[in-house]
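So the protein sequences, as listed, match chains A and B.
Numbering that gives the first Met the number 0 applies: residue 0 is where the first sequence begins, and numbers increase by one.
Numbering that gives the first Met the number 0 applies: residue 0 is where the second sequence begins, and numbers increase by one.
No lab work stands behind these hints: they were computed from the structure.
Some clues are possibly wrong.
Since copy identity is lost for identical chains, a pair holds within one copy or between any two.
To be verified - Derived pair list, reagent style DMTMM-like, types lysine to aspartate or glutamate, alpha-carbon separation capped at 25 Å: (1) LYS166 to ASP182; (2) LYS304 to ASP229; (3) LYS295 to ASP135; (4) LYS584 to GLU199; (5) LYS117 to GLU107; (6) LYS117 to GLU626.
Please read all numbers here as calculations on a predicted model, not as lab measurements.
Below are the chains, spelled out letter by letter.
2 protein chains.
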Amino acid sequence: MHQKTRRKGLGKLLALTVIGATSVGASAQSMNDVQKVAKDRGLSTADLLAAAKTYTPSGVKDDYIMFASGGHAGQVFAVGLPSMRILRSIAVFTPESWQGWGFGVGNEVIAEGFPKGKANLWGDTHHPALSETGGDYDGQFLFINDKINARVAVIDLHDWETKQIVKNPLTVSDHGGTFVTPDTDYVIEGGQYAVPWGYEYAPISEYKEKYKGSVTLWKFDRKRGRIDKDKSFAIELPPYWQDLSDAGKLASDGYIFMNSLNTEMATGGIEDKNPPFEAGASMNATDFLHIIDWHKAEKLYQAGKVEMIEGFPVISLKTALAEGILHVTPEPRSPHGVDVAPKGDFIVVSGKLDPHVTIYSMAKIKQAIANKTYSGKDEFGVPILDFDSVLEAQVEVGLGPLHTQFGPDGYAYTSLFLDSAVARWTLGGSYGPLSPEPDWTLVQKTPVQYNVGHIAVAEGDTVSPDGHYLVSLNKWSVDRFFPTGPLLPQNLQLLDISSNGTEMPVIYDMPMGVGEPHYAQIIKADKLDPWTTYPGVGWDPHVQNLEPMAPKKGMERVVRKDDGTVEIYMTAIRSHFNPEHITVKQGDHVIWRITNTERAVDATHGFAVPVYNITASLEPGETVKIEFDADTAGTFPFYCSEFCSALHLEMMGYLMVEPAD
Amino acid sequence: MHQKTRRKGLGKLLALTVIGATSVGASAQSMNDVQKVAKDRGLSTADLLAAAKTYTPSGVKDDYIMFASGGHAGQVFAVGLPSMRILRSIAVFTPESWQGWGFGVGNEVIAEGFPKGKANLWGDTHHPALSETGGDYDGQFLFINDKINARVAVIDLHDWETKQIVKNPLTVSDHGGTFVTPDTDYVIEGGQYAVPWGYEYAPISEYKEKYKGSVTLWKFDRKRGRIDKDKSFAIELPPYWQDLSDAGKLASDGYIFMNSLNTEMATGGIEDKNPPFEAGASMNATDFLHIIDWHKAEKLYQAGKVEMIEGFPVISLKTALAEGILHVTPEPRSPHGVDVAPKGDFIVVSGKLDPHVTIYSMAKIKQAIANKTYSGKDEFGVPILDFDSVLEAQVEVGLGPLHTQFGPDGYAYTSLFLDSAVARWTLGGSYGPLSPEPDWTLVQKTPVQYNVGHIAVAEGDTVSPDGHYLVSLNKWSVDRFFPTGPLLPQNLQLLDISSNGTEMPVIYDMPMGVGEPHYAQIIKADKLDPWTTYPGVGWDPHVQNLEPMAPKKGMERVVRKDDGTVEIYMTAIRSHFNPEHITVKQGDHVIWRITNTERAVDATHGFAVPVYNITASLEPGETVKIEFDADTAGTFPFYCSEFCSALHLEMMGYLMVEPAD
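This is chain A alone, in the form it adopts within the complex:
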């Protein structure tokens, strides 16, 4: 075809610079240009500094990966730091069609988590926990709990896919999880709202007798990459509402610390002129920090000192008390975070209705347990360790302390929900000399916008925190972004904590408008070693191995069996499926296997079938098996839903379902 070109004259033509040049080179620019642009955009020098600290040029990778829960989106989000870009969502409890999760692939994993077999297709993810070795992130697995149905999921960080969902048979409400023991022997799931065992019916008037608290220790089989339900057990707790938890490490190895609220055992009932839960559950000046000896508990379980409840082994409260594995001590009321310092020696509790953080000493706790230094027992007989005997320090940090993380330099950081600020304060003891300020002292409060819940410091809950960055997971954004209708994003703010003292600025605002992260962990990117293609062609991600039945190139076929089953063996490669015509009879049961035979990084194909509610994402090498009943006659074009090539639109075929009659 010819090119029609009208010219405006030679002068203009000569003015044309070379075609095909790449983007502006650095040499063509000067700092004056930068300053001019900054001025035009109304940026201060501090803004420019922040921009330089967060900007990640094209092709440069982030230094840290933050795994954040998606809240009631039911997913996990991976965010790169310092750029604060969402790198990927990982579908967990809520089906997600981009990843094909729950639309033919992963269905059995999701179904594994159905409470009493009842289809539940969403989750409320709260607390992601990276697997640890020696109390440090090892980058292998990620665990996440679901508050709405009390479930725990396992994600394999080879391929960032959910491998398992376990449903807690005892309760339908969890919160204090997931947290792992220092070598990931157990994934801990603490309960929250007390319910009768097995969430069976019992009127609220029978609250104290029938409603139960609990903590579940899910045994993790690292080799299989699965929770081993048959080696897991739970411990009965009083019907307080157990809240966040942390596992001890180093000095506190072998212990679980677990907050609680509603130790008042309020039962609400505003409609009957009773105090609503918010009032009834906030009457006492203190709630209870639970201190659980899980090493001893494991031995009790192994010795068979359990009751089987809902088919699950439970160490009863009676046994727990008789064997001395459970103690409590007072903590400021309405606590959220309980956080173990890097050496395991201090436990920091934040009670939202007390302006202090309260620091307990593990050495003192051990001594108090040994000496039975009790200030009494609760009404269930749980011994209460004398508060002053186990207290190390209290630091007044501000209003609404919620959650604490640690730096490498003797600093601790606590979110202040009511102040809308992040506090930096100094640890004492052997941490004290690391920071220039006195021990146990508030150093700085940086305002955040607004209502910060959890915070995450890079590796800030491990034995070796990294520092550098802190992310403030703010619940409200109000006026920080262009309004997106009445439903606004959360605001995840990045703070630069690399300097000492009061210098701790907010350097980036990241809207989160695809979920509501509750908690996050930040790992050094170089600790992760993800696959970029599956190790072999015909790989089944569910078992992380080659699938013998996987369709192979040259062996594509459709097999009709006598029993009305049709087996399809299909391959996908740029830019066709093979076979392209599939004819079945209405009523057939279809087993459709597809292998993506690509080996190039990023050569993902989608597979989408109309009317039958099927979609899959086939990463390079992956094989999937999709089953359905061909109950609806018709002509259904299936296609590759991932834009794979110039002839992507031609990558399709027809499923023809012949009417039965």
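Keeping the supplied structure of chain A fixed, place chain B upon it in accordance with the hints.
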């Protein structure tokens, strides 16, 4: 409680700076600091310039909002420019639990779109279209098509929520939509893979006789904010695979332009040694640009010159030809974008297998139609306008031209899929004098990473393009981000197109790892006027009005009816629900209404019920109605799932379902 503080000595204490100071002030910083940080991070001056151009300080709002489809995620994503931050996802075809979409709320909207009543819970969103007035975005509504089941959704930009989903009764595959006519009289949905009417069964051997192409014109009732199905109609087209479309405007007002592929009518069948679709559908040197006179078609429909097919009025191909509303003209093969220039006078087609963009003149098209300047007819009798008679120009832009957008300055921009680049070239005619270069000339090709599909320029497909920014929607990211397992994000790159000539750098890489945007439109933020709270307390977003039955403060109650129905009238306000105890009997039908009585911006409450698969997001003022059968006995703590206050965890209640026996 007391504060225990050990001091390290007065010197250290004095060194402490003032506590509670805000983040670093600009005055404390100098450009030297910025340069030092840039150097430390390995940033070039060009990087720093890019950082300054994209960085949006805390609280500063973006200038533009990009509405991007989510591909097979089934959603729409709103992204702020220049910061390239995802501000919000808008749930459309795929249920999404953060927004509560499809888990008690919105269920009936989703069900409206079920093909033949069969539950389909995902979508493949492709082409968002903002509503227009006079060919310019008016910021009122957003439309989006679903390729997998041939559906169209309506989103109200007051509250950014999906209001309607219509299922196309004729076909189960669409692509060339949605696009709107200049005043949004119609929302256009072009088909894609030909299927028999109603996607009924017909063997592929009967392709030419039974498989059909089509375009559907959905009448939009702006006042009601709904598509009026009863005033909508379709036009039968040959069984080519209709592809992208655009509506004429100004000089071309009244016309629809629609690409096609597979004018070969290849039927694939690689398994039987036939050429696969990718080969069979790419044999001809040209495909057909469809030119449809929708003004005339509307009159035919109004005059009743339609057949009723699947209960829907269709202008048959025979009638279309008899009445002269359909013409085609050759276009480069495997085209994707057909894009109408701002004045409506030129139509730009990109054929992926031809290195040129081909520019058609509307004046010449009209003349050729009037003069019947045909080069023949296709095998269905559709007159083919002589190519040379309608051609204005061809510009060689590079390999794999895909989609074109326009600037305000005489420039057009075309994505080059195979080159992985974005081309800037000059328009001619009355646009020519606007740019310094000659008419119809390639000016610059900026490499992008990698495999760009669509591009979006700010208001770049309207009668008044804005320029400034171009987003390149790249399909592959390969090595641009930290690898997220075998499934990698897409890469949305921001190009600064505010300068003339060859200066058109990539200034930001944005990973998109929560979906696969196909197409996007970018609107000036100040054209949008979203509500930040609902206009009144008790507002039903589905009808955009106050709901008379909405629960009101002081009128909360539970009403048990004789027929086994239990009606709950509940309010939600920080930090309690009222009532807090709900007791029903197993087998009861529950109608649960909740009003969020908050009036503060961002005071959203969630509502989550375990086991019953229910979640809702209640924005300030919103009322919802959720229905379910209480088929499972037990004790179910329901709670607020949106972190609303310091006593958010206490915002809960118990649903007790008493066993039937």
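Tested hints:
1. LYS166 to ASP182: within (23 Å within a copy, 53 Å between copies)
2. LYS304 to ASP229: Within one copy only: 15 Å inside a chain, 70 Å across chains, cut-off 25 Å.
3. LYS295 to ASP135: Classified as within: same-chain Cα gap 23 Å, cross-chain 71 Å, threshold 25 Å.
4. LYS584 to GLU199: The answer is between: 13 Å across copies meets 25 Å, while 44 Å in one copy does not.
5. LYS117 to GLU107: both (13 Å within a copy, 21 Å between copies)
6. LYS117 to GLU626: For LYS117 and GLU626, the Cα distance is within 25 Å both inside one copy (20 Å) and across copies (17 Å).
In the structure shown, no violation is registered for any of the earlier numbered hints.
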